[in-house]
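**Q** Each chain, letter by letter, is given below.
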Amino acid sequence: MTEPVISVRDLRVEFVTRKGILRAINGVSFDIMPGEVLGVVGESGAGKSVTGSAIIGLIEPPGRIAGGEIRLHGQRIDNLDPESLRRIRGRKIAMIFQDPLTSLNPLYRVGEQLVETILTHTDLSPSAARARAIDLLNEVGIPAPERRIDGYPHEFSGGMRQRVVIALALCAEPDFIVADEPTTALDVSVQAQIIALIRKLCRERGTAVMLVTHDMGVIAETADRVAVMYAGRVAEIGPVRDVVKHPLHPYAKGLMGAIPTLEAEAERLVQIPGSMPRLSNIPQGCAFNPRCDRVFDRCHVERPDPDIPRFGLEGEAPLMPGHRVACHLYTRKTVETAS
Amino acid sequence: MMAQAKPSETFVEVRDLKRVFDVSRPWLNRVIERQPKAFLKAVDGLSFDIRRGETFALVGESGSGKSTVARMAVGLLPVTSGSVLIDGVSMTAVKDSQTRQQLRKRIQMIFQDPYASLNPRWRVERIIAEPIHAFGLLKGEQVAARVGELLTLVGLHPDDGRKYPHEFSGGQRQRIAIARALASSAEFIVCDEPTSALDVSVQAQILNLMRDLQKEFGLTYLFISHNLAVVRHMADRIGVMYLGRLVEISEGKKLFSAPRHPYTRMLLDAVPDLGMTGRQRQMVAGEIPNPINPPSGCTFHPRCPLANERCKREAPAMIDGVACHAAEEGRMP
Numbered sequence: 000m001t002e003p004v005i006s007v008r009d010l011r012v013e014f015v016t017r018k019g020i021l022r023a024i025n026g027v028s029f030d031i032m033p034g035e036v037l038g039v040v041g042e043s044g045a046g047k048s049v050t051g052s053a054i055i056g057l058i059e060p061p062g063r064i065a066g067g068e069i070r071l072h073g074q075r076i077d078n079l080d081p082e083s084l085r086r087i088r089g090r091k092i093a094m095i096f097q098d099p100l101t102s103l104n105p106l107y108r109v110g111e112q113l114v115e116t117i118l119t120h121t122d123l124s125p126s127a128a129r130a131r132a133i134d135l136l137n138e139v140g141i142p143a144p145e146r147r148i149d150g151y152p153h154e155f156s157g158g159m160r161q162r163v164v165i166a167l168a169l170c171a172e173p174d175f176i177v178a179d180e181p182t183t184a185l186d187v188s189v190q191a192q193i194i195a196l197i198r199k200l201c202r203e204r205g206t207a208v209m210l211v212t213h214d215m216g217v218i219a220e221t222a223d224r225v226a227v228m229y230a231g232r233v234a235e236i237g238p239v240r241d242v243v244k245h246p247l248h249p250y251a252k253g254l255m256g257a258i259p260t261l262e263a264e265a266e267r268l269v270q271i272p273g274s275m276p277r278l279s280n281i282p283q284g285c286a287f288n289p290r291c292d293r294v295f296d297r298c299h300v301e302r303p304d305p306d307i308p309r310f311g312l313e314g315e316a317p318l319m320p321g322h323r324v325a326c327h328l329y330t331r332k333t334v335e336t337a338s
Numbered sequence: 000m001m002a003q004a005k006p007s008e009t010f011v012e013v014r015d016l017k018r019v020f021d022v023s024r025p026w027l028n029r030v031i032e033r034q035p036k037a038f039l040k041a042v043d044g045l046s047f048d049i050r051r052g053e054t055f056a057l058v059g060e061s062g063s064g065k066s067t068v069a070r071m072a073v074g075l076l077p078v079t080s081g082s083v084l085i086d087g088v089s090m091t092a093v094k095d096s097q098t099r100q101q102l103r104k105r106i107q108m109i110f111q112d113p114y115a116s117l118n119p120r121w122r123v124e125r126i127i128a129e130p131i132h133a134f135g136l137l138k139g140e141q142v143a144a145r146v147g148e149l150l151t152l153v154g155l156h157p158d159d160g161r162k163y164p165h166e167f168s169g170g171q172r173q174r175i176a177i178a179r180a181l182a183s184s185a186e187f188i189v190c191d192e193p194t195s196a197l198d199v200s201v202q203a204q205i206l207n208l209m210r211d212l213q214k215e216f217g218l219t220y221l222f223i224s225h226n227l228a229v230v231r232h233m234a235d236r237i238g239v240m241y242l243g244r245l246v247e248i249s250e251g252k253k254l255f256s257a258p259r260h261p262y263t264r265m266l267l268d269a270v271p272d273l274g275m276t277g278r279q280r281q282m283v284a285g286e287i288p289n290p291i292n293p294p295s296g297c298t299f300h301p302r303c304p305l306a307n308e309r310c311k312r313e314a315p316a317m318i319d320g321v322a323c324h325a326a327e328e329g330r331m332p
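Residue numbers (numbering that gives the first Met the number 0), protein chains in the order written: chain V, 0 to 338; chain P, 0 to 332.
Since the hints were made in silico from the structure, they are not lab data.
Be careful, since some hints might not be right.
[As the list claims (entries may be wrong)] Mimicking BS3-like on lysine-lysine, the simulated pairs with C-alpha atoms at most 25 Å apart in a straight line are:
#1 18/V x 91/V
#2 17/P x 94/P
#3 104/P x 138/P
#4 18/V x 162/P
#5 252/P x 244/V
#6 40/P x 311/P
[To be verified] From the derived model, a few chain P residues whose C-beta atoms are all more than 12 Å from chain V:
#7 23
#8 35
#9 82
#10 93
#11 99
#12 101
#13 115
#14 122
#15 142
#16 157
#17 286
#18 302
#19 306
#20 320
Cβ atoms here follow ideal geometry from the backbone N, Cα and C, with glycine treated the same way.
Only chain V is shown next, with the shape it has when bound in the complex (with noise of 0.2 Å):
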């Protein structure tokens, strides 16, 4: 068993509003091993976007890291003083935003970007980190590196930036990279190049991956594992075959079910009725159980931890290892009227 690149346990952010404090994250826990790519899915509110700026450190006031562990190579980061974090950040983790535009900045020529973050990083001299930056806009893609290096990213398609910032990304080899909707800003055609390109990466450095995206498809196709996420907690957690093909927990199975696909004739999409509650509203026990068609007692009191599901519902594809369900339906002490 080798051991987890990150391991977030139990991990709690808050902003502190006028209102009250308001919990993004809610004690989401998981690891994520060299070169897997476990994505993380959910609606806008889910808290996706959230957990990932955690895990890098950027967590700004009013919010903060009310609780939990963030661990990275058995190491804890989520405590650490910014200078100490500094020095992991960039070099061990690393961040692709979703929009390229804004995360490179306009006013520098790409190849000075990505030489300034080699000599942060590394004890390379400013020629042989040149000749890196050349070597890792090849890597990702972009045809003439030695001319496209001197140019601006404005000078650079939307495909192309977004490769240049995953260059940017690679400069001191991470172990582990956020990528925060990386294809959300993108065409499909170019979308489906990036995704090849971070699956490859994976493949070829053993670099893990958190992939954030709204978009079920991109997840079917890059991650190995998924989680999906609802107000703040993960609600299921598994491989991604077993969560797209018999996602368990009621919101998955309707999160499954909305999406129209190129494959399934559904006359009507299924629909969950109502919409994600607002952090300063999460309902008692399971957040899920104002929109849940299988609510029972139980969910109104108690709040559910993704567990191994223990039993099935009626007809359901026998259980996977390392699926996890947050969801009393599969932790019932005594099965109830299966009807």
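Assemble the complex: chain V is given as a structure, and chain P must be docked to it using the hints.
**A** Below, chain P without anything else, positioned relative to chain V:
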């Protein structure tokens, strides 16, 4: 209630539609830098029909001209040449304001971003009643009753009319936008990416609502989207756009089971889909070229695996639903 839709009847006719934008630098720059004027052909000779009561979808990547077509179809953007005929009446040719008003009443639009398309300073009831007042359809208390009816129709409560847009979520705002579109009993609704700003579970609600309303009122939709799965779910017929031209028009499901244009095939190959976990994909080469200086001949030829000399020279005509020399010559694998 509308008359029951006769499925074969052509309702919207778009003929050789063109739109050119002047994207030249300012005059002084042009003189000093000796640059010619630059033009961007956003839409270059588009023709298609929409039958009454059907959903016609336009798909394509950004920069393909989808939204420009949508804006011209509702008359928000003047056409450079060509025509849009709605129920036999051309919006551009009509000079008589009364007839134009009559026509306008029957066309509405739903925009992509429900945060930008609703006036934040107006109460929802006023937003929805705007078309009713603009066309002088109802008066006095009837207006309030109609607004309540419309709100119920789109799944909101009549009392929600007293609120302001910021009190609603994205999905609810899009419902308000739909209610507004229905207020003048429009028959033809142009939907420009109506769900791309929404979360998937909300998207499902809105798409279902749009289908229900279409059945109930016999609405005709021009549905613009970049999401092929959504288009497949919604559309009866689909047009695929590339750099301002239609490359393929096909019956809904057929486009996905038997795509005929190389670009359509490439797009379908590129879409990440739920059913494709762990699939190894064919890599797609290149990106959409700069529309100011599009490639010669068939604009897709630099990315096309089947391109030959003729494709570089000659722009293909739309023959039997596909504009491609390779398909015409039977070179498609």
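**Q** Taking the numbered hints from earlier one at a time, note which ones the structure violates and give those numbers from smallest to largest.
**A** 1, 17, 18
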